[in-house]
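Protein chains: 6
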Amino acid sequence: MSTLGIVKRNIERAPAEAVARLQAFGVATVHEAMGRAGLAQPVLAPIYEGARACGPAVTVLLQPGDNWMLHVAAEMLQPGDVAVLGTSSDNTDGMFGDLLATSFRARGAVGLVIDAGCRDTAELRDMGFPVWSRAVNSKGTVKATVGSVNTPIICAGALVHPGDVVVADDDGVVIVPKLHAAKVAAAAAARETKEAGTRKRLASGELGVDVYGMREALAKAGLRYFDDEAALARENQK
Amino acid sequence: MSTLGIVKRNIERAPAEAVARLQAFGVATVHEAMGRAGLAQPVLAPIYEGARACGPAVTVLLQPGDNWMLHVAAEMLQPGDVAVLGTSSDNTDGMFGDLLATSFRARGAVGLVIDAGCRDTAELRDMGFPVWSRAVNSKGTVKATVGSVNTPIICAGALVHPGDVVVADDDGVVIVPKLHAAKVAAAAAARETKEAGTRKRLASGELGVDVYGMREALAKAGLRYFDDEAALARENQK
Amino acid sequence: MSTLGIVKRNIERAPAEAVARLQAFGVATVHEAMGRAGLAQPVLAPIYEGARACGPAVTVLLQPGDNWMLHVAAEMLQPGDVAVLGTSSDNTDGMFGDLLATSFRARGAVGLVIDAGCRDTAELRDMGFPVWSRAVNSKGTVKATVGSVNTPIICAGALVHPGDVVVADDDGVVIVPKLHAAKVAAAAAARETKEAGTRKRLASGELGVDVYGMREALAKAGLRYFDDEAALARENQK
Amino acid sequence: MSTLGIVKRNIERAPAEAVARLQAFGVATVHEAMGRAGLAQPVLAPIYEGARACGPAVTVLLQPGDNWMLHVAAEMLQPGDVAVLGTSSDNTDGMFGDLLATSFRARGAVGLVIDAGCRDTAELRDMGFPVWSRAVNSKGTVKATVGSVNTPIICAGALVHPGDVVVADDDGVVIVPKLHAAKVAAAAAARETKEAGTRKRLASGELGVDVYGMREALAKAGLRYFDDEAALARENQK
Amino acid sequence: MSTLGIVKRNIERAPAEAVARLQAFGVATVHEAMGRAGLAQPVLAPIYEGARACGPAVTVLLQPGDNWMLHVAAEMLQPGDVAVLGTSSDNTDGMFGDLLATSFRARGAVGLVIDAGCRDTAELRDMGFPVWSRAVNSKGTVKATVGSVNTPIICAGALVHPGDVVVADDDGVVIVPKLHAAKVAAAAAARETKEAGTRKRLASGELGVDVYGMREALAKAGLRYFDDEAALARENQK
Amino acid sequence: MSTLGIVKRNIERAPAEAVARLQAFGVATVHEAMGRAGLAQPVLAPIYEGARACGPAVTVLLQPGDNWMLHVAAEMLQPGDVAVLGTSSDNTDGMFGDLLATSFRARGAVGLVIDAGCRDTAELRDMGFPVWSRAVNSKGTVKATVGSVNTPIICAGALVHPGDVVVADDDGVVIVPKLHAAKVAAAAAARETKEAGTRKRLASGELGVDVYGMREALAKAGLRYFDDEAALARENQK
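Chains as they are written, first to last, in my numbering: chain A, 1058 to 1295; chain B, 1058 to 1295; chain C, 1058 to 1295; chain D, 1058 to 1295; chain E, 1058 to 1295; chain F, 1058 to 1295.
Bound-form chain A, shown alone (with noise of 0.2 Å):
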C-alpha cells in the first residue's frame, strides 16, 4: 500500500510532437488553454533570469532532508526530460547542486523542478542548466531513507504523472497530463492567434471594455460611474 520505495523503469512519455509544439508557449497561454488548470502554486521560482524548460516528467517523492532519490532517478531519465521533485512534508534543504546537475545533464535531462532547495546557483546558472525551486539553500543532506521515482507527486500543489509535459518559465511552472498535450497545445497555439489581434487594438488605443464588449456586463453587475467625488457624494447622500 506505501508509496515509498518504488522505482518505475518504463513510463508513457506524452507525444514528442505535442512536447515539441508545447515548447513554443509559456507558461500563463499553457495554463488558460488548459481550462485554467496544472498550474504549480508561485513559490517556486526559477534560479535565474530567462530560464526555460519543456520536457515529459520523471517524478521523484523525496524525504525532507534526504535527496538519495535522486540519484536513483538519474538513471531513469532520457533525453529530453525534466525532473520534478515533490517532498513527504515541507523541506527547503539544498537537494540538488552542480554535482547532480551534471549527471542529469549527461543524461540528457534539461530541467529540474523542485519543491525544496537547490544550491551552487551561481554553477547551475554558468552551466545554463534551468531550476526552479522553492529556496536557495545551502542545507546539505543525507542519503538514508527511499522515496520513489517515477510515482504521481503533489509539487507546490500541482499533481504531476510520470510522462506529463511541464513547461516553466520566468512565469512559474505548469503541468500538461500527457493524455491532452495535443489538445493544450492546439488551444495555447489558437489562444496566441486571438491575443495577437486583440494585441493591435489595444495597441492603437482602443479599450478593453469595448474590445471585449463588457460595458453592458459591468451595468448590469452594478458598475457606476460618477462624474466626480461630488457627483459620489450627492448619490450616497440620497
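A hint or two may mislead.
For identical chains, the list gives no copy identity; a pair is met inside one copy or between any two copies.
Below, simulated EDC-like cross-link-like pairs (lysine to aspartate or glutamate); rule was C-alpha separation at most 16 Å, straight line [to be verified]:
(1) 1065 to 1132
(2) 1240 to 1074
(3) 1257 to 1106
(4) 1065 to 1286
(5) 1065 to 1285
(6) 1257 to 1267
(7) 1277 to 1263
No wet-lab data here; the hints were simulated from the structure.
Use these hints to put chains B, C, D, E and F onto chain A, whose structure you have.
Coordinates of chains B, C, D, E and F only, in the frame set by chain A:
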C-alpha cells in the same frame, strides 16, 4: 454605503510640477522626507532590476481572483499616471500581463503597483513596462464581479487616494499625499543636499558617531565600552 | 547580566591565513566541510547576483526599528571585516543604506550580513558593496536605544561569535568558528578535490548510484524496481 | 507633515445609540452589512475563546519594539472605548500585558485590538480583558520614541479613524466608520431577520440552490451535471 | 478539457464497513498505517478542540473569493459524508458559516475540511459541526463563477478523490483512498495493538532504545557517547 | 569538528534551588528580569491552554524528518528535566507523540519544547504532559540519521546549553543560562514586588504617564497635544 461598484471619472491629481520634482528622488529619500511615512510593506517587488516609476495614482479595488476592474481602469488612465491596485482580501493571482500592459501604455500609463500577482514578466521586461507586485504568478482570473476605480484603497498596507503621487524603485513603493507633494519634494531635496555633505565626510573615514555627534547620547543611553573580553568579564563579576 | 549596552573594542579574529584560504570556497562547500553545520537560514539573500564576501565577523545586536548600533559598529571595523547583524526580535526595517555603506567601506569592511532590511540597493549595487539581508525595505529607523557590538549574536538562526569567519555568496551565508577555520579550509579543499574527480565521472555519463556504490544500500533500505505500471499493479495485488 | 508625535485629546465618537445597537451583531454580519468592507486581515486572533468587544476606537500608532504610546493613550480612553493599535512597520513584540490592561480597565476601556504582540495572556484571561493580537509574545519593548494617539491608522490592513466603531469577536475584527454606524446597524438587523427565515428553510432540508433560486444562473455560468464518471468520460470523448 | 463547471451526481463511496472501522482511529495512526501517506499539510486546524469527523468525501473545487459551489455541493451530500474543499489558488476568505452548516447538517453531512477560511465559528461550535480550515475569517464571498463538485481535488497538498475516506481530529486531516480503506483500517488496528504493548513497557521505565533494539544501529550510524564535556573535549583534540 | 553524532551523558544542571525559585514566575517576568533576553521566537505555542513547565534543559539536535535522537535523549532525562529540541533545518514533522511522552514521563521529565511538530495532542492533553511546538502535525518521521544530545542547540532562535533552565507557559518559552539562574530568580522576584505596587496605583485610576513620570521625557521626545482636529489643522497650516 458600499465601496464597490464605483468609478470616478475625474480626479484631482497632484500638481504636475511637484510630480516632476519627485521623479528625481528614490523611495527611501521620499519616505524619510515625509517624516518616515507612506511606505507600502516590503512585500511588493519590482519584476525587473532598475524598474522606476513616478506619477499620480489611479486606484483600483478588485475582488480576489477577478481582474475585471483593470479593464475599467484603463479608460481612466492619463499620460503619466501609475495604476495602483488593492484587493478586498489577500490574493496573488496573475491579474496583469502583457495585453493589459499594452493597453495601459497606449493610454500613457508609466507603471503599475499591484498588491496581487503579475504574469508575462519576460514580455513586460522587454516592453520596459515597470510593475511592482506581491508575486509572479501565471494564475488566470475571471471577470465576473465589480470592484471600484478611483476610490481610496489600501495597497500593501499603504493608504492611497486617487491622485496621490506614487514613487517606486528597486527599494519599494511610497505614496505621497497630493496635498503634500510639493512640500515633500522640497524636503527630499534638502535631505539629499545634507546627505551629500555627510557622505563626503564618511567616505574620508570620519565616523558617524562623530559626524552626527552621538557619543554623549550613547553614553547617556547606557552604552559602555570594554577593551576586551577580559575587561567585560571583570565587570560582570563585580 | 544584560546583553545590551556593551561594546568590545578588541576581539580575536580568525587567523588571517585561514580566512584567505576560505575565500576560495563557496558556501555549500564550507558548510559540508564543517559536517553540515554553521548555515544561516535561507531567509537571507544577496541584494545583487554574484555578491561574495569572506572575512572575520564584527557582530552587532540591535533593537527592532533602531539602527543606532551600526554607527557604533563602524568604529570597530577593520580592513577585511564583515559586519553581521542580529536583532532582539524579528524586524525587516531598512537599517542599512548607502551612507552607512560609505562609512563601512572607508573603514575597510568588505560586506554586511543583516538579519533585517536593507535600502538604497541600486546605489549599493553600483558601489559593489555586498549585503545579504532578510528584505529590501526603505522603512527608516530611529536612533534611541542601545544594543551591543562584538557580543555573541544569533543571525538568521546561526550563532556568531565576534571574529568567526563569515562566508557568503549567491547560495547564502555560513559561519565558521574561528578556532576551526584552518581545519575547515583544509576539509573544504579536500572536498573540492574529491568532487572534481566525481564530476568528471558523472559528466561522462556514469551514474551516481554506481560512482558512490549505492545499489546495495538502496536495496537494503527497501527500494524495489518495476519494469512498468503493469508490473507494479501485479505486485500490489499480491 | 509628519504623522508622528501627535495626540488629539478630543475626538468625535460614533453615536452611542449606534454603538449600542452594533453590540448585538457578530463580525461577519456587520462586515456583510457594510457591503463586505471594513474587515481587518485574519492575522488578528482573540487571546481567548468567546472574547467579544464593541466600542468607539481610540487609535494608537507605535514604532516597532516601542510601546510608549500605550501609556499616553490610556489618558485618552473613555468608558466603553476600544483601543486600536497599528505600528509603523511589522512587529510582534509583546507590547501589552496585565499592567496596561489594569490601567485601561480603570479608564473604562472594554478591549484592545493590537497589530503586534500581547503577553500575560493567562492574567488577561482571568481578568476577562479581551485582546485581539497578531501574536502571543513575551518580548519586552522600550519607551524611547513617540508615535501618535487619535490619528488615522492602518491596523492589519484596515483603515481606522478615531471614533469609528470596533466590533470584534471569535471571527475577527471589523471597523465601522462612525458616520455610517447607524446605517450599518440597521442593515445588520435586516440581514439577521432575513437569515433567520433562510436558516429555517435550510434546516428543513431545502437546498440553497432552490432557496436562493440559483439553478438558472448556474446553468448560464456553464455548470453541467453528469450522472456519474462514465457520463463525464463520454462527454470528454466527444 | 477544463476541470471547471462539472458536477458528478453519483460517486462510488468507500465501503461503509471500512469507514465505520476507521472511525475508531486517530489521524496519526491512520497516516502511519498507510505507510506515512495521505496527510494534508498542517495548515488546516479544527475550529474547536476535540473536533472529530470520519466519512466519505464529497469534493468541491472553488475559485478564490467565490463560495457558489458549496450550495451546489449541498445537494450531493449524503448522510455520513464529509465535504472537502480545494481552491484554484490560495485563498482564506470566509466561505463557510452557520447557514451553510445548517444546510449541510440537514443533508446528513458530518463535517467540512476547507482549504480556505471559515466564519461564524462560535455558532458552529455551539452546533457541534466540526470544520477544519486554513483560517478563521469573516471575509464575505461572491457567487459568480462555477467550480466543480465530485472531481479530484488537491486540498492542503493532499489529493482527494470523491468517495475517499476523510479522517480528521485535533491532529489534522488524512485522506484514505477508497480502494485501500479496508486494508488501512486493518493496519491501523494492528498498529494500535502493537503500540499498546510498547506503551506499557515504556511506562514502566524501559527505554525506547532497548524496547526497539536500536543500540547497535545507532552505533553503526556513528553515535558516540561521552561521559561529560571534558571527555568530549579530549576527543576533539585528538 | 562535526556537531552531530554526540551524546553527553552527564551535564551540569542549574542549581536546584534556583530552578525551584524560577518556577514561581511567568515567562514575561523572567525575560524582563534577564534584561530582555533569552526568549524563543513566538513560533512556539503550547498544545493546551494553561500548560506550564520549568526545569533544566536536556538538549536534542535532530535532522529534519528524523526523530531517532528523541529515543536516545530519553535515557539522559532525569526527574524535573525539560527536553528541548532543535533541528538542523526548518521542519514541522510530527516528531513527538504519546508513546514518547509516556517514556519521557517515566523518566521524570516535566515537559518538552520542540522546534518542530507534535502529534497525539488530545492524548498529551489528557496525560497533562505539556509540549510547546511549532506545529501540530501528524506527519511520521524516520529513524535513520544521528543527531546529538546535550550539545548546545538553537531552538526557535534561542541558544540553549544543556542544563540551562527552561521556563515555559501560555506566553512562550524563555531560556535562563544556568550560571545566572539564581540572579535571574532574584531579579524576577524584585520585579514582581515592584509591579504589585504599580498595579495597585494603575487600578485606582492613576495614569502610567504619571506613575512612571513620563510627561517630561515625552515632551522632550517631541510629543505634542492638540485639543481637537481643528487645533491640529491650524498647526499644520502654519
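Hint by hint, here is what the structure shows:
1. 1065 to 1132: within (11 Å within a copy, 41 Å between copies)
2. 1240 to 1074: For residue 1240 and residue 1074, only the intra-copy Cα distance (12 Å) is at most 16 Å; the inter-copy one is 42 Å.
3. 1257 to 1106: neither (27 Å within a copy, 28 Å between copies)
4. 1065 to 1286: between (66 Å within a copy, 7 Å between copies)
5. 1065 to 1285: For residue 1065 and residue 1285, the Cα distance is within 16 Å only across copies (5 Å; inside one copy 66 Å).
6. 1257 to 1267: within (14 Å within a copy, 45 Å between copies)
7. 1277 to 1263: neither (22 Å within a copy, 29 Å between copies)
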